[in-house]
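Q: Now for the letters of each chain:
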Amino acid sequence: MVKSKRKPLNEIMGSIQAYSRIFNIGCGGCASVCLAGGQREVNALNSEITAELKSQGLHKQIDGYTIERQCNNQFFQGLDEIVQKYDCLLSMACGAGVQFLAERFPTKPVFPALNTISIGIDRDIGLYEERCRACGECVLGYTGGICPVTRCAKSLFNGPCGGTNKGKCEISSEIPCAWQEIYVRLKDQNRLNDIRKIRPVMLWQNQVQRMTVQESYRQRYAQS
Amino acid sequence: MTESPLILLLYNLARGPLVWISGLIFIMGVIYQCVSMYKLTQKQIPFMKASQLNDPDALKFDIKQTVLYTHPVMTVVTSVFHMCLIIIPLFLLAHNILLDQSIGFSLLSFSENISDFLTMIYCVCAFIFLFRRIFLKRVRIISTFYDYVIWFLASAPFITGFLAYHQLFNYFWIVTLHMILGELMIIAIPFTKFAHMIYFIIFRFFVVNEYSLRRLQATRTF
Amino acid sequence: MENLNNVEQTIAVQSQDTCQLLNTFKDKMTLSLKVCAHCTLCAESCFMFMKNNKDPHYMPSYKFINSIGVIYKKKGNLKRNDLEKMKDIVWKHCVLCTRCYCPIGIDIPSMISTARSYCRAQGVYPEFDEIY
Chain A
1 MVKSKRKPLN EIMGSIQAYS RIFNIGCGGC ASVCLAGGQR EVNALNSEIT
51 AELKSQGLHK QIDGYTIERQ CNNQFFQGLD EIVQKYDCLL SMACGAGVQF
101 LAERFPTKPV FPALNTISIG IDRDIGLYEE RCRACGECVL GYTGGICPVT
151 RCAKSLFNGP CGGTNKGKCE ISSEIPCAWQ EIYVRLKDQN RLNDIRKIRP
201 VMLWQNQVQR MTVQESYRQR YAQS
Chain B
1 MTESPLILLL YNLARGPLVW ISGLIFIMGV IYQCVSMYKL TQKQIPFMKA
51 SQLNDPDALK FDIKQTVLYT HPVMTVVTSV FHMCLIIIPL FLLAHNILLD
101 QSIGFSLLSF SENISDFLTM IYCVCAFIFL FRRIFLKRVR IISTFYDYVI
151 WFLASAPFIT GFLAYHQLFN YFWIVTLHMI LGELMIIAIP FTKFAHMIYF
201 IIFRFFVVNE YSLRRLQATR TF
Chain C
1 MENLNNVEQT IAVQSQDTCQ LLNTFKDKMT LSLKVCAHCT LCAESCFMFM
51 KNNKDPHYMP SYKFINSIGV IYKKKGNLKR NDLEKMKDIV WKHCVLCTRC
101 YCPIGIDIPS MISTARSYCR AQGVYPEFDE IY
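Chains as they are written, first to last, in this note's numbering: chain A, 1 to 224; chain B, 1 to 222; chain C, 1 to 132.
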């Protein structure tokens, strides 16, 4: 799922500086799962902000609320009236959630409280590892289930660069070389032929904001 | 003594062999439950050493995030209740005298006044639990008859013990009842809802959860 | 037609696959269900509970007792309409954010997810395209 991490308190304090009634909205989706923006973090952030304001001798109204997901309009129902009572909104969701919240309440300033980091996996509680950059053209089929876009520092598509050193990346001796891992895994599966073909580079410059329409739903949106 | 032979028999049984039998069942049961709970855990290969993680933004302890803040009364009541549950019978003078008489060994004892006071506190806590179960909707909707049986098993030995100490009602009957109920409770611990006594400790260290005490290097998970 | 529907609603559900599923998780689930003291201290940790005006039907304990608890209590001999009720509990009332707190240490999310697996194995699952 999408992994995010809370912004430093200073940055959040800076963004809400000019406002006196702040509404902090948490997200029960990915942000909650990665322990960054669920109800517990909303309460924690609110009490941190309150303590910080107190030390500065200021007083602001700050309340919290957590909704199922901020990336779906349906879950904003019931927020309309509450939101009117506040000067600005703080969103503890991923970038998508923050943007959707801002779009839904265009008259209210919306500030992010999280930095969206990656699409990743759970290694342990509070320990996440990036696995996908959502490039839109998955190559995992021929790279043995190891993503060269995410794992290789140069996102190479046709084998390692000259910097690979005893299975480690030239950036750091602690980072494994993705292409070494791809090679080992494919060799174990006897599939080395998969990487013998030359693959064209990814056309990153052609990427625009992507819209996903599932094939089976195309009909539904074609009419309008 | 003018008691009927049946109650005399019960009294002698409860005072003698049943104590040892219930203690034995309790210990065996706890061991059995520990082993079977441990068997439910699986081996896990540690992914990373904690020293490799250097996160200055680690979640700080905040009392507002604990049950002490959301349920201050309940937290105090439940802590006192469970503490009393363990220390009263262990450090009760009368229990220790009986223990000394039979095996020549005994633990420290509280003065009788302290034990009496703690028992009263325990009973108050028990009744808070009961009233909560009856009158709070959120507790009532998940309560079953079994919860009341468990409540009865947990509080009856203490209530009868209190009555026996103060020689209220028929002492002989009450003390027999007290012993039998107490033994029943001890037997029930490993096999009923009371098993949360064991589970509570064991699973702090195995469940993968943000609140558990399990550490990154842990090699087993539930 | 209504009659037919009623009959369908009360047909017992059980198949080889789901028996297998129930057996695999039996020890863990029955243990977790057994040690729950029904204390309701988990309630406030659930944002769905807080969001729905502290409605007790959103308590984590209520949700697992009335989903996986019912499944094991009835040993998998459930009726269709039992599952339909469960569907709302495990998908609508719980988003499986895994953030519930149990003072005894019960792994509540794993219980809800097992209930979800059981429902899915019986062909009961949420239709996300029906929402709109």
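FYI, nobody ran anything at the bench for these hints, they're computed from the structure. Beta carbons: idealized from backbone N, C-alpha and C, even for Gly. Keep in mind that the hints are not guaranteed to be accurate.
As the list claims (entries may be wrong) - Within a straight-line C-alpha distance of at most 30 Å, the following computed DSS-like cross-link-like pairs (lysine-lysine) qualify:
#  : chain 1 : residue 1 : chain 2 : residue 2
1  : A       : 7         : A       : 166
2  : B       : 137       : C       : 28
3  : A       : 60        : C       : 85
4  : C       : 73        : C       : 85
5  : B       : 39        : A       : 108
6  : C       : 85        : C       : 51
7  : C       : 92        : A       : 85
8  : C       : 51        : A       : 5
9  : C       : 75        : C       : 51
10 : B       : 64        : A       : 85
11 : C       : 92        : C       : 34
12 : B       : 39        : A       : 54
13 : B       : 39        : C       : 54
14 : A       : 54        : A       : 85
15 : A       : 60        : C       : 54
16 : A       : 85        : C       : 54
17 : B       : 43        : A       : 168
18 : A       : 166       : A       : 154
19 : A       : 85        : A       : 60
20 : B       : 64        : A       : 7
21 : B       : 137       : C       : 73
22 : B       : 64        : C       : 73
23 : B       : 39        : C       : 26
24 : B       : 137       : C       : 79
25 : C       : 28        : C       : 92
26 : C       : 54        : A       : 5
27 : C       : 28        : B       : 39
28 : A       : 60        : B       : 64
29 : B       : 137       : C       : 87
30 : B       : 39        : C       : 74
31 : C       : 85        : C       : 75
32 : A       : 54        : A       : 7
33 : C       : 51        : A       : 54
34 : B       : 64        : C       : 79
Claimed, not checked - Covered stretches of chain A (in silico footprint by chain C; criterion: 3 or more residues with CB under 8 Å from a CB of chain C, positions within the stretch not fixed):
#  : stretch
35 : 23-29
36 : 64-74
37 : 79-88
Q: Hints first: check each against the structure and report whether it holds.
A: Hints, verified against the model:
1. A/7 x A/166: Violated: residue 7 of chain A and residue 166 of chain A sit about 37 Å apart, past 30 Å.
2. B/137 x C/28: 29 Å, holds
3. A/60 x C/85: 44 Å, violated
4. C/73 x C/85: 16 Å, holds
5. B/39 x A/108: 54 Å, violated
6. C/85 x C/51: With Cα atoms ~21 Å apart, residue 85 of chain C and residue 51 of chain C stay inside 30 Å; holds.
7. C/92 x A/85: This hinted pair holds, its Cα atoms lying about 28 Å apart.
8. C/51 x A/5: 23 Å, holds
9. C/75 x C/51: 33 Å, violated
10. B/64 x A/85: Holds: residue 64 of chain B and residue 85 of chain A sit about 25 Å apart, inside 30 Å.
11. C/92 x C/34: 25 Å, holds
12. B/39 x A/54: 51 Å, violated
13. B/39 x C/54: With a Cα-Cα distance of about 37 Å, the restraint between residue 39 of chain B and residue 54 of chain C is violated, given a limit of 30 Å.
14. A/54 x A/85: Holds, at about 22 Å.
15. A/60 x C/54: 26 Å, holds
16. A/85 x C/54: 22 Å, holds
17. B/43 x A/168: 29 Å, holds
18. A/166 x A/154: 17 Å, holds
19. A/85 x A/60: 13 Å, holds
20. B/64 x A/7: 21 Å, holds
21. B/137 x C/73: Holds. Residue 137 of chain B to residue 73 of chain C sits at ~23 Å (cutoff 30 Å).
22. B/64 x C/73: 37 Å, violated
23. B/39 x C/26: 13 Å, holds
24. B/137 x C/79: 28 Å, holds
25. C/28 x C/92: 24 Å, holds
26. C/54 x A/5: OK: residue 54 of chain C and residue 5 of chain A at ~29 Å, within 30 Å.
27. C/28 x B/39: 10 Å, holds
28. A/60 x B/64: 19 Å, holds
29. B/137 x C/87: Measuring from Cα to Cα gives roughly 23 Å; hence the hint holds.
30. B/39 x C/74: 25 Å, holds
31. C/85 x C/75: 17 Å, holds
32. A/54 x A/7: 20 Å, holds
33. C/51 x A/54: This hinted pair holds, its Cα atoms lying about 28 Å apart.
34. B/64 x C/79: Given pair residue 64 of chain B, residue 79 of chain C is violated - Cα atoms ~43 Å apart, limit 30 Å.
35. 23-29: holds (count 3)
36. 64-74: holds (count 6)
37. 79-88: violated (count 0)
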